[in-house]
Amino acid sequence: MGFWRNQLAGPTDPSRDAAWDDPEPRKGFFTDTSICIGCKACEVACKEWNAIPQDGELNLLGSSYDNTGSLGASTWRHVAFIEQTSDRIEQARESGSRLVQLGMPSVGAPAPASAAVGATSGAAPAPALAGVNLSDPDFAAAQATAARELGSVPDFRWLMDSDVCKHCTHAACLDVCPTGALFRTEFGTVVVQDDVCNGCGYCVAACPFGVIERRDGDETVKNAGIAQKCTLCYDRIGHDQTPACAQACPTTSIKFGDLADMQSQAQERVDTLHSNGFPEARVYGGNQHDGVGGTGSVFLLLDEPEVYGLPPDPRVTTADLPDMFRKAGFAAAAMLAMAVAAFVGGRK
Amino acid sequence: MQDLSNSDCIVIQGSNMAECHPVAYQWVTEAKLKGAKVVHIDPRFTRTSATADRHVPIRAGSDVVFLGALINHVLSNELFFKEYVVSYTNAATLISEEFQDTEELDGLFSGYDDDRGAYDPKSWAYASKEAEEEGGTDDQSGGEIGDPGSGHVHGEQRSEQAAGDQHGSGGPPLEHARVLRDETLQHPRTVFQILKRHYARYTPAMVADTCGISVDDFAYVARAVTENSGRERTTAWVYAVGWTQHTLGAQFIRTSAILQLLLGNMGRPGGGVMALRGHASIQGSTDIPTLYNLLPGYLAMPVAGQHDTWQDYIGAIGSKKQKGFWTHADAYAVSLLKAWWGEKATAANDWAFDYLPRLTGAHGTYQTTMAMLDGEVEGYFLLGQNPAVGSAHARMQRQGLAKLKWLVVRDLNMIESATFWKDSPEIETGELSPEDIETEVFFLPPASHVEKDGTFTQTQRMLQWHHKAVEPPGDCRSDLQFFFDLGKRLKAALAESTDERDRPLLDLTWDYPENEHGDPDAEAVLREINGFHLSGDKAGQPLSAYTEMKADGSTSGGCWIYTGVFADGVNRSANRRPGQEQNLTALDWGWAWPANRRILYNRASADPEGNPWSERKRYVWWDQAEQKWTGEDVPDFPPNTAPSFRPEPGTGGPEGIAGDDPFIMQADGKGWLFTPKGMVDGPLPTHYEPQESPVANPLYSQQSNPSRKVFPRKDNLWAPSANQPGSDVYPYVFTTYRLTEHHTAGGMSRWLPYLAELQPEFFCEVSPELAAERGLENGGWATVVSARSAVECRVLVTERMTPLVLSGRTIHQIGLPYHWGVGRDAIVSGDAANDLLGVALDPNVQIQESKAGSCDIIAGRRPRGEALLRLVEEYQSRSGTTALTGNELRTTGDGS
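One line per chain: the protein sequences are F and B, in this order. FYI, in the working numbering the residues of the first sequence are 1 to 348. FYI, in the working numbering the residues of the second sequence are 1 to 896.
The hints are simulated quantities; they were obtained by calculation from the structure and are not laboratory data. Each residue gets a CB set at the ideal place from its N, CA and C atoms; glycine is no exception. It cannot be assumed that every hint is accurate.
Quick list of the computed label-pair ranges, beta carbon to beta carbon [said to hold, decoys possible]:
#, chain 1, residue 1, chain 2, residue 2, range
1, B, 858, F, 59, 35 to 41 Å
2, F, 155, B, 731, 51 to 57 Å
3, B, 492, F, 61, 42 to 48 Å
4, B, 803, F, 312, 32 to 38 Å
Straight-line alpha carbon distances no greater than 20 Å define the calculated SDA-like cross-link-like pairs of lysine to any residue that follow [unchecked claim]:
#, chain 1, residue 1, chain 2, residue 2
5, B, 34, F, 240
6, F, 255, B, 33
7, F, 255, F, 240
8, B, 34, F, 278
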C-alpha cells in the first residue's frame, strides 16, 4: 500500500517509478540566493540555448530591476528582485531563528510516513514538529533586537533569486497530462515533448508553483500554444554538459549536479550562514516530506518563501487523490447503502 | 584578477563591480566565501552593495575627502605599515624648499600660473643637496639633482597633451637617481610630514559634512581596512569609471594609491588598487593606443616645438641617469620605428622619427567634436563607438557629426550615430533637418569577435587569444581586414606621389599574409608586435623579452611591453591550461604583460631582506641558496639583484636599482606617496568640488580643480555651483552609469531581444523622499533638466537611493543609466542621459566629468519639438547662467 501511496505523494524515486530500469542519479539545481548578483545571465543563457522568443511587451514594470515578472512559457529562469528595509529584515531573522530553534529539516532525514500528508514547505519546521510550538518567540525577537543593536541588521537589503522549474518528485503537470507529452527522464527531471503536446493546458492549472504555461503568439512564434518550461537542459545533461544557466552564472550562485549532493551543499551553506550570524538563511525545496515529495531544484533563501513569490506549502494535486477516492468511495457506499435501504424499505 | 580572492578585505569604490564586471566579481564572491569583508562605497545601493557586507552611500565626487580622512586616520593613529613605508615608499624623501601646499595657499599648490590655468611643477621636486644645508640624512650623498621639470613641456601645452597618461606603466622620468632621505621621517620636509600636514583637516566630521557619510560608517571602513592590512593580511581597493570620470579623476586614484602604500598593500597578494576596465579589450586599446597622445607601450607622442629632434625626444622619455627600465626607452622607441618602417628606418634618418606626426595640442574626442562644429574636421571613423548616445554632451556630438563631409560607421547594428541625420532629437526640435545635413554616411558591416581571430587584453593586462568560430556572413569583414585593405588602397592611390608628406604612408611595412578571403593573419600581427631580432645569428627569431631590445636598429617590436607574448615562436596568449590544473596564479593561462607577470611590483611582497612578510602572504622571495628571486609569480625585479645590493651612487638604469627598490619603473625605485612629477594638477590629491556642485568646497575658497579643462561656449553652459545665485534652479545631483543588462550606448544590447526585454526603458532612480518632494510616482514619468538639455524617463522610486544630510542640509542624488538613445532601428529606445552632461575634463587624461552634475526633476513627460528648447532656455535664464558660469578656473584670492 505504501508503494502505491508514494506514487501520488511522499518520498520515492521518480525515475524508477517511471519505469527506468537503470536510471542516472537524479539531477538538480542548487540556487544559492545569498551570492546571486542579479545579473540575469541565467535568463539570457537559457533563452539563447533553448531558442526562446522575446517575452512580454518591452515595458518597464516598475518592480525594482525585474522587468520579466514571472516564470512563464518564454521565461524559464526568472530573477526576482526584492527591496527590504530593516523592519522586514528583522522579521526574516526572527522567522529564521524560529526555524533554527526547531532544527532545520535535515534533508533526506527519515520522518514518519504519516507526516507526508499535511507537510508544509521545505522551509518550514520538520513535519514531525508541526503544530508543536517549541520555539520561544520572545527569544527569537530578543535575538533579532540584539543583532540590530550590534549593527548587524542593515538598514536595507536587496534580495535576488533566480527561480526555475522545481522538477518535483510528484510532478502535477506530468500526472495530469492526458497526452503523455510530459515525461519523466532518466535524470528524474520533467520535460515537455513539443511535438506531442496538444496545448490542452491541464498542466498549467495543476502546477503548484505556477511554472508551466502555454506560449502565446501566432504561427510565426515557435511552439505557440504549446506548454513550455525548463527542461533542465535535457539536451545538454545527456551529453555531460552543465545546463546553460548554471554554466553562465558568474558567481556559482546556480549549481548543478546530483540532487543528493545539491541538497547537502545547500544544508552546509545554510549552516555556514547561521554561524556567520545570518539566522534568516533557510533551505527551500528538497524536503521529500513536503507536498510535492521534494523538489529537484533546491534554493537557499534569506526570507520566507512568499517574499520571493514562492508558495510556502506547495502541494501536488494528486496528493489528495487517495482522500478524494476514499471520500468518493464513502459517498458511493453511502449512496449504495441508501439505495439498498430504499429497496429494502420499499419492500415493506 | 583571481588574486582578489586572496584579499582579506575588498573595498569597491567608484565601481559597480557586480553589475558592470560580473565575471570578475566571481573572485570577490570567492574571497567572501573565504571570509573576506567586502565594503561598497557608492552614491547608490547597487547589485554590488547587495552582496557586500556594508554599503556606504557617498555624495558623488567627494571621494578624496573620504580617502584623505582614511589617510589622516592611518597617519595620526600610527596604523601604517612602518617598515614597508620607510623602505619602499618615498615617505622619507625630502621635497624642495620651494614647495608650498594647498593648506598654505588656500587650495592652490605652488607653481600655479593664472595665464595658462596650469601648474609649473618645478617647485614640487625632490630636494637638492645644494639647498639642503640645514639637515636631513643624505644617504646617497653627492651628485647633481636636476630639476625634474626640465626638458619637459610646461604650461598650456603640457597640460593640453595630457601628460599624466603618457607614463602609463611607469613613472615619469626624473633627471637623477639620487635623493635625500630622512628615514626617521621626522624632517618637516619629508614626504611623510608633508602628507601629515596636508591631510590633517580631513577628519570624520569633515567626511560627514562633505560626503554625507556617518561617523559610524567611516569608523567601520577605517577599522575594516586597517585590521586587514599589515604583514598577515591584505586589503584591495577596486575602482572603475566612478573614479575616473571626474575633473579630478586621476587624483581620486592617486589618493587610494597613497593609502594602499601606507598600509603596505601594493605588490602583495590580495592587495593593490585594481582598475576595472569596461570593455573586452579596453586595456589593449591603451597599451596599443587609440589615444591621440600615446604611441604603443606608453611611449609619448612627440610634441611640436618640444620634441623636434630625435635627441630631444629620447632625452624627454627616459633619462639615462634615473633608475629602472625606463632608461632604455630609446631601445623601445627604435624597435617600434623599425617595426613600422623596417628598412626605411635607419640610424642616418634617426629611425624615421620625422615620419611620426607631432602634436600641436589636445586632440581628444571632445576637442575633436568642437573642431567639427567649427568646420575643421572633414571625416570621421566610428568603430565600436556610438557617440550620439554614449559620449558626454551627446547633443554636441550629434551636432558635430552633422557638420562632417563624410562619416564611416562600422558597427554590428544601425546605431544612432549612423542614423542621427534622420531621427535624432535635434530633428524633432527643428535644430537640424535632413535636407540641410551634408554628412555622407558610409555604413560598413563588421565581423563580430567570434568571426575573427585576435586577442583581448583585459583588466589584468592579460592577453587572451580568441579563435574564429565561424566565417563572417555576407560583406562583414574583420577590423583588421578593413584597415589592411584601406592601407593598401591608400598606398596604391598615392603610389606615384613624390610629395614628402606621403612618405610615411608609402614606406610603412604593410605585408601580412592573408587567407583566401583576404583576411590578414592576426598571429602575424601579434608576432610583429612581439618583435624580432633583425640581425646577428638570431636574425628572424622572435624576441623573448623586452630586455633584448636594442637602440641600434638590430631589433624590431611593435609594443615593447608585449614582447614575450610570442617568445620561442609560441603564441602564449593562446595558453589555456585550466585553472584547476595549476596554482591560483595560473601563469599558463593567457599571457600578461610585462613578462607574463601577474602582480606588478611583487618584490614588495617580501621584506627588505627578501623574506616573505608572512607565511600567509608569501608570494615572491629571495632564494639565498640559488641567489635569485623566486615565488608564485614571475618576480618583478632584476632576477639576481640581492636584497642587500646597493649600487654605486649615481648609477642609472636597471643596474641602479637597489635590492630594496621594489618599484622598478619609478625613477627612484620607490612607491610615490608624493609625485614630484607626472600629475599636472598637483603632487598630492586634494579635494575640489565637481564642475557642477550644490556644495561649496569646505576646505578652500578654491571651489574646483584649478587646472581642469573647461570650454566656455554657449552650447556648454553650467549650473551655478554652491551658494551662487541660481544654483537652486538645478538643486539635485545626478550621476550616470550602466546596468548589467546593457552594454554602454546599447549598440550590442538594445538590438537583442533577450537583453532589451530585461531593461526596456530609460529610467531614473530616486529616493522616496525626493519622490515626495517632487510628486514623482513609481512607474510614472519624469523630466530631468540640466543646463544643457532635458530628457524624459520612467521613475523607479527606491530606498536604494539615500538622501544625504550635509551639515543639516539634505542633498538628493538621482541615478540615470545611459544606455538608451533616440532612433528608430533598435528594439528599445529612449532619451539619452548623456544629453544632460556638459564637457569639462580632467587635465591629466582628458576624461569628462560624467559622474556628477546638477539638475532639476519634475513629474511628467518632457515637451515635444521646439517647446523642449524653450523649457531648457527657461531654466537657463532663471538660473542666470552664462558661458562664463563655472568656467573661472581660479576662485581663491590672489594668495600668491
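How the hints compare with the structure:
| no. | hint | verdict |
| --- | --- | --- |
| 1 | 858/B / 59/F: 35 to 41 Å | violated (22 Å) |
| 2 | 155/F / 731/B: 51 to 57 Å | violated (25 Å) |
| 3 | 492/B / 61/F: 42 to 48 Å | violated (57 Å) |
| 4 | 803/B / 312/F: 32 to 38 Å | holds (36 Å) |
| 5 | 34/B / 240/F | violated (29 Å) |
| 6 | 255/F / 33/B | holds (15 Å) |
| 7 | 255/F / 240/F | holds (14 Å) |
| 8 | 34/B / 278/F | holds (16 Å) |
In this structure, the hints that do not hold are numbers 1, 2, 3 and 5, in rising order.
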